[in-house]
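The sequence shown begins at 110 in the working numbering and counts up by one.
Please note that the accuracy of each hint is not assured.
Taking CB as the label site, the calculated pair distances span [what the hints assert, rightly or not]: (1) 303 <-> 251: 18 to 24 Å; (2) 171 <-> 194: 33 to 39 Å; (3) 146 <-> 279: 22 to 28 Å; (4) 230 <-> 251: 51 to 57 Å; (5) 283 <-> 178: 40 to 46 Å; (6) 196 <-> 282: 32 to 38 Å.
By construction, these hints were calculated from the structure, which means they are not laboratory data.
For every residue, glycine included, the Cβ atom is placed at its ideal position computed from N, Cα and C.
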Amino acid sequence: MANQSLLVLASGSPRRLDLLQQIGIEPDFLLPADIDEEPMRGESPRALALRLAIGKAGTARALLANDAQKQEALVLGADTVVAVGRRILPKAENHEQALACLQLLSGRVHKVYTGIAVNNAAGISRSKLVETRVRFRRLSRQDMNNYIETGEWQGKAGGYAIQGLAGSFVNKLVGSYPAVVGLPLAETANLLSGLGYQTQANWQNAIELA
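Let's have the full structure, built from the sequences with the hints guiding it.
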């Protein structure tokens with residue numbers, strides 16, 4: 110593979126890696142970008158998601174500056190924000206946060222904003238924000254307690270993982286399901302293609318291995 114075709118994923122998320130692999134894209138390197146994810150004063154959920162995606166891609170790009178093997182690679186960053194109105198829900202780290210999220214989401218519509226950003230060694234950057242509307246059925250306290258006991262919510266935006274047990278809470282989704290999981294696939298493929306990455310180069314191999 111030519112050097113300019115290398116791909117770095119600026120995330121340690123197994124979900125994002127699985128999603129890329131689903132469409133035949135295998136990042137050459139994983140380089141989780143550690144940045145401050147605290148919202149700025151007055152920052153909207155959509156602005157936060159896009160800023161964090163761009164920031165993660167940019168941070169990973171800076172880390173590659175002195176790496177001769179990787180410095181010509183494309184870098185992909187992403188971030189997901191769950192919000193009710195302008196209220197940004199946390200990436201739940203404890204039982205109290207998870208319960209507060211579930212209580213807020215129960216029986217109502219919320220929005221999931223997923224930002225994606227791609228940059229190359231020439232300094233060209235492209236980004237996209239994807240908005241998805243999700244509605245939860247009304248949850249009983251037992252529903253919430255049972256889910257919290259699983260631990261599946263840990264570190265998840267909004268305190269739930271739609272691809273897991275919490276999928277049973279969702280009774281309507283308008284938008285991109287993979288974006289809620291962590292990475293909108295059509296939009297990601299388009300951004301990568303726009304910067305010269307051959308997104309379908311491994312499709313035949315993927316079919317043969319399936």
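Now the hints, each set against the structure:
no. : hint                    : result
1   : 303 <-> 251: 18 to 24 Å : violated (48 Å)
2   : 171 <-> 194: 33 to 39 Å : holds (34 Å)
3   : 146 <-> 279: 22 to 28 Å : holds (24 Å)
4   : 230 <-> 251: 51 to 57 Å : holds (53 Å)
5   : 283 <-> 178: 40 to 46 Å : holds (42 Å)
6   : 196 <-> 282: 32 to 38 Å : violated (20 Å)
Against the hints set out earlier in the document, violations occur for numbers 1, 6.
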